[in-house]
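Please take these sequences and the hints and turn them into a complete structure.
Chains as they are written, first to last, in the numbering used here: chain A, -14 to 206; chain B, 433 to 628; chain C, 115 to 360.
Just so you know, the hints here were simulated from the structure itself, not pulled from any lab data. Just so you know, even glycine gets a beta-carbon here, dropped at the ideal spot from N, CA and C.
Label-pair distances were calculated between CB atoms; the ranges are:
| no. | chain 1 | residue 1 | chain 2 | residue 2 | range |
| --- | --- | --- | --- | --- | --- |
| 1 | C | ARG199 | A | GLY26 | 52 to 60 Å |
| 2 | C | GLU267 | A | LEU109 | 50 to 58 Å |
| 3 | B | ALA539 | C | PHE289 | 54 to 62 Å |
| 4 | C | MET355 | B | ASN453 | 17 to 25 Å |
| 5 | A | GLN6 | B | GLY557 | 27 to 35 Å |
| 6 | A | VAL104 | C | ARG354 | 53 to 61 Å |
| 7 | A | VAL104 | B | VAL511 | 49 to 57 Å |
Straight-line alpha carbon distances no greater than 30 Å define the calculated DSS-like cross-link-like pairs of lysine-lysine that follow:
| no. | chain 1 | residue 1 | chain 2 | residue 2 |
| --- | --- | --- | --- | --- |
| 8 | A | LYS202 | B | LYS486 |
| 9 | A | LYS202 | B | LYS505 |
| 10 | B | LYS597 | B | LYS540 |
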Amino acid sequence: MSLFADTFRRDIRLGLRRKGQILMAPVFFMMVSVLFPLAMGPDPVVLKLAGPGLLAVAALLAALLPLDTLFRDDDADGTIDLLLLSPAPLSLYVAGKTAAYWVLTSLPLLAVAPLMMIVLDMPLRMAGITLCALFPVTFLLNLAGQTGAALALGTRTGSILLALLLIPFYIPILIFGASAIDLARNGLDAGMPLFLLWALLAVALPAAPLATAAILKGLNE
Amino acid sequence: MAVFSGQSLSCVRGQTIVFENLSFTVGGGGILALSGVNGAGKTSLLRLMAGFLKPAAGTLLWNNEPFDAPEEKIHWLGVDNALKPDLTVRENLSYWARGGDTDAALAKMDMSAFARAPARYLSAGQKRRAALCRLFLSPRPLWLLDEPANSLDAASESKLHALVKEHAAGGGMAIIATHNPQAWHPDNILKIGAAA
Amino acid sequence: MSNALFALANPARFRKVGMPLLWVSSAASAALFAWGLWLALLASPADYLQQEAVRIMYIHVPAAWMALGTYSSLAFAALSFLIWRHTLAGLYIRAMAPVGAAFTAICLITGSIWGQPTWGTWWVWDARLTSVLVLFFLYAGIIALADAFENRERGLKAAAWLSLIGMVNLPVIKFSVDWWNTLHQPPSVSSFARMVEPAVDKSMLTPLLAMAGAYLFLFIALAVLRLESEIMSRRIESARMRRNHG
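Written out as structure tokens, the structure is:
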């Protein structure tokens, strides 16, 4: 496990030493959330209808934005080569990296989510269920995202290519996440989509790092 | 003592043949220098030994058995230093330590004074020395070094020569890709791509 | 001889089998298209509800089958490329992803044309249409990824991985879209499922199967042709490289 902990600690430390980058994801999330009312008009009825979907889409875009840099440095400076010659499994490194990435980019996003709920005219009593949906949503987005980032490693058109690759995989996450918030807003039972989100997370949590590690190993050959 | 050898190795990238039919043997205590012009395949051969590349033909043997578990046997120093500019030298090193003695490793390449400096403040030669410190974090029998003396000053270079000799004297082996093979006093020099 | 050198030789053997197969399947496809289109457009009855518009089904439904079938073949090729390192399987993904995308596009476009007279709109967010649209995105991703690398082999590998992961994800995507559709059921489309999956009359079944056969042989012919051209372009590239190396 120590490779997981070491990688997690190292990446958090690296992230904290570049403070500007940490703020980028939540600020981007807030800006996208603000763009929608500006585009559609401030009508509370419209915002009420669209709010949950907007939050999910904004979270998706914020997760996509910095993704192409995830493995780029470690690949370019030879870190991944060295890791391939380390006795610990590479998937632990991938998992540690994803966990750190989640803490650095998604956790601040969850922190500002209630603020965005106010902006989008959603009642704050829904904050609990919104976070309960956004937590697995952001984690799933990151898990799918790291696999995509490994696949696109070494291409010239990183970000756009990643969006193209990942959107099919993001669709189920988007659907379940937005529906959970939307059902709750209508006073309906959001148990089904929430259960599906957490079930997907339970599958992806071990599967995605293993697949990503295999890709990193295979592509290097 | 262990013997590491490769028999009639070929390396193909895409549809290009990088090299064909190379063989080598290094025994414990041995130093093998790889020489050849740019693009001859020195780095490819090293990467093949480390298992990053699969040989198109030929086999790697360890004590005459198929070579496996390279992660227990090899210390790797690539062309790149794998240093994070925002971490200090010590932090960089301790990521790879896994219980090894970071301070002792720093002292080997005279980097103790820079332990707390962020790697981005180091000169190119100091960065190379910081990367070389990784070799001393844990004992592994086989060192694969790709142009290890790049950017090193004369004093550091002869220090490194001595350390490699010391590693070999202790029963280890070193395979070094270099443009200056004689400087390492190798037991053998493998010339790659002599035809080119 | 080594594995990789064998793999390079493999395409030559492929050529021997491929050329006759190309001619046979092209001829079969042309014949079946002629017969099937004649049956579909002229010799079969119009539908009681949809009248003449139903005839586009004979183009649309086999395209949908081929869109899914091609994807499964990509995933299978990806598996044999990644596990057994068959070079030809890697080239197959590169060669056939655009063909699969084209079948998917035909399915989407004809579906949309069919929708206009039957539902009164070009596009509805029906679960099937949405799933097919996502399938099209998947194809687009594979095509883009296969071409994005300087190193061709790396592109092949990445595209193979993506095809494989996409295959695992396809049921999840399908399920999510179906579930989403029942959540937001628009009233006008509820009859769609009944339109495509009624007990098909025998007078419609024959042209449908003829067209499906025509598509299948077209697929085989295109596979041979495009694999052949992939092999050729690799050969040209390696010849160029050898010349540059002097």
